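Quick mapping for you: the protein sequence lines, in order, are chains V and D.
Quick note on numbering: UniProt numbering labels position 144 of the first sequence as 144, and the sequence is numbered without any gaps.
Quick note on numbering: UniProt numbering labels position 92 of the second sequence as 92, and the sequence is numbered without any gaps.
By construction, these hints were calculated from the structure, which means they are not laboratory data.
Fair warning: this is a prediction, and the values are worked out from it, not measured in the lab.
Some hints here could point you the wrong way.
Cβ-to-Cβ under 10 Å is the rule here; a few derived chain V residues that face chain D [unchecked claim]:
| no. | residue |
| --- | --- |
| 1 | Arg16 |
| 2 | Ile116 |
| 3 | Gly143 |
Cβ coordinates follow ideal geometry from the N, Cα and C atoms, glycine included.
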Amino acid sequence: MVAAPPVAEATGVTKRFGSTAALLEASIRIEEGQTHALVGRNGAGKSTLVSILTGLQAADEGAVAFGGEPAPRLTDRDAWRRRVACVYQKSTIIPELTVAENLFLNRHDRGRGGLISWRTVRERARELLETWSVDVDVRVPAGDLDVEQRQFLEIARALSFGARFIVLDEPTAQLDGAAIARLFARIRDLQRQGVTFLFISHHLQEVYEICDTVTVFRDARHVLTAAVGDLPRAELVAAMTGEAAAEAGAARSGPPAGAATVLAVTGASLPGRYEDVSFQVRAREVVGLAGAANSGRIEVAETVAGLRAAADGVVEIDGVRPAPGSVPAALAAGVGFVPQDRHHQGYVPRMSIADNGTLTIPDRLGRAGFIDGRRRDSFARSMIGKLAIKTPGPELPVSGLSGGNQQKVVMARALANDPKLLVLVNPTAGVDVRSKEFLLAKVEEIAESGAGVLIASDELDDLRLCDRVLVVFQGRVVAEIPRGWHDHQLVAAMEGVDLDG
Amino acid sequence: MVETSTGTAVTASTPAEDGPPPRAGGRRIAFARLRDLALIPAIIVIAVVGQLVSPVFLRGDNLLNVLQTMSEIAILVLAQTLVLVVKKMDLSLESTVGLAPGVAAWLTVPVGAGHGLGLLPGGWSVPVTLAVGVLVGVVNALFIIRFGLNGFIVTLGMLIVLRGILTGISGGQTFFRLPGSMLYLGTTQWLGVPASVWLCLALFAVGIVVLGFTSFGRSLYAIGGNVDAAKAAGIRTDRVLWIVIVTASLLAAVAGLLLSGRLASVASAQGNGYIFTVFAAAVIGGISLNGGKGTVFGAFTGILLLYMIQNVLTLAGVPAQWIGALNGAIILIALALSRVTGGKVQD
């Protein structure tokens, strides 16, 4: 007897966006009734594979098949929906409409005269949710449901189209522990009823808890597929990160004994983001805050910079306590800040380099609120020189610069007030290799000159220059790793895996 | 419906489970439905106050008078409601109110009387009015949907252009001696009630049924609530948007026809400034400017409340010069009231 064809299979799939390949000859084979994990670091090609598997994008090369048959045309949404459904991280529930209507959107039951019979719609919605054991009142607006209930709703809706293969794109990202347990119970339940799952997660322990098979993607390629039980954790992490990279360079000597504390965070909590975070940064010290995308590390850094206010706890900068949640207070206390996303928070694209670089220090540029253009430009010129920004002059709008040079302008702004504490969030995201090296060297230089540095990032290269790295996992600082770590050691900690366990 | 049948948890499949999360309570539902009727108490209060101010207020002919004066602008509120539910805006409606009958008058009014050209026989006036409405809608939709421009700015431009065209063709004057077919709807009475009132109520009834009980109507809410989700559900969003924008302009043309008929003229400023009242009525009636929320019935209560208050003020002998200031104040107070009854921050 021939084995049943796989529920879904992609073979030799390549997808390019411009010059970068999001997927290169990637393949995946998902057997019926399994829960199949897809893991990989950011940019490994997971999301692209999902959008190709769910018919949102066409592959440049390669083929997708469901149950042995070739995939339907992209325009035939109904055919796709009968084969595969995806619960995206971004909800496709319409909050203003009731649960019942969300389930039967655009396929309402009609009564006499072609009008919608709300009674029938509600009854069928109730039946559907009962079939799949989802306990939600179908009459409430879907916006009143919590994240967990909405996920169940989306799963139930997917099943109601007839799909028995469901992609879950990081379903646990926004759930707490108890909700994750309930979600897993449901997945096991549905699996027993013949539903196949493709489970995408950043948390490896979840893969070991719920999945049968795991596929690893790295740098747009398929790396391995194995039964979860046969794959030790260390090997899985090694497959995700590639060969263990070279030992971290120990160029800097670290803070001298007795260096002053420039940042002290004590018992800081922000419900839903981070809990009971305490740490210190000394002068001439570089401290990393590592963690996955939703770990809460960014929020901690933003709290220090005054973008957020902690609900609990104290942030003390160089001996003073700036008013919580006030950026001007943080600036005055001596914080320089490179925000998470330069496009959103970093610069004003149409303003000149000079204006952007001096946004934080108008009081140094002139008296009584007036700005002395010449002083501003000379200040900007010195910044351009110090940070090697490639530009014809300080009057060029920032939008005309390359990504790396834009980030240097943001860095210039952070350094404009001679900070005692430099806070950087993903400082090298989306910049080329050379700018990256330059920026990181600059950070070391700042630290050498006597400032404390806090880097919140998940890029290993950013964290390599830190004297110590604090690992944040689900809102808590779970580990402190001194300089000289191996890549897989840090990645495992960020993913919440205990390598020895 | 028996509450207990849905109250029992059916999720207890694994012993390790912490039990189902707390359910959104039944009170929420009742509240959502009440939001639709939120203005009814206010309307009753105004009716009582009106009766105290003047015994004329609750008499049939006065109420009919209120309904007739609001009928044209109420149709605009209906049109704007459709557009707001899909998360767009149409400011140009108020200019369409003037331009659509204006063009019809321009083409049909005989030479000699004002700027009429007398090119077409009088029977053409109604079809021309409606055609102009459709044409304006098509132009709006072309800019907004086909070229992906911001609806607010597009229709702001259209508002100015259309008003300018009307001023141009009329020479800034008023068209009189309109053909009989244009006057009919604005002047006739059916069963002792003005035809415009019947028409207005009928259009609202159709609006309530379409938006509440048809797939097409519900797709408006889906698009306004989350356009990506609507697309994912197989709704042809662009087509629905086209229909909504063109229908809104067509309704504005109908409103213009009723207004011209009632006044037996088309002034070059006809409809000028209406759009503010229209938006106010829609928002007071519970329509969200952020799309996907509100009902046609709510919108109707919104405009009804505004006009009842105006009528009471008139009956109370408030000087006409003060009506404008009071109107603005009423809008603000009504908004504040609906914020209190609606309970949520308005967006």
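Okay, the hints, checked on the actual structure:
no., hint, in the structure
1, Arg16, "24 Å, violated"
2, Ile116, "5 Å, holds"
3, Gly143, "9 Å, holds"
In summary, the structure is inconsistent with hint 1 from the numbered list given earlier, while agreeing with all the others.
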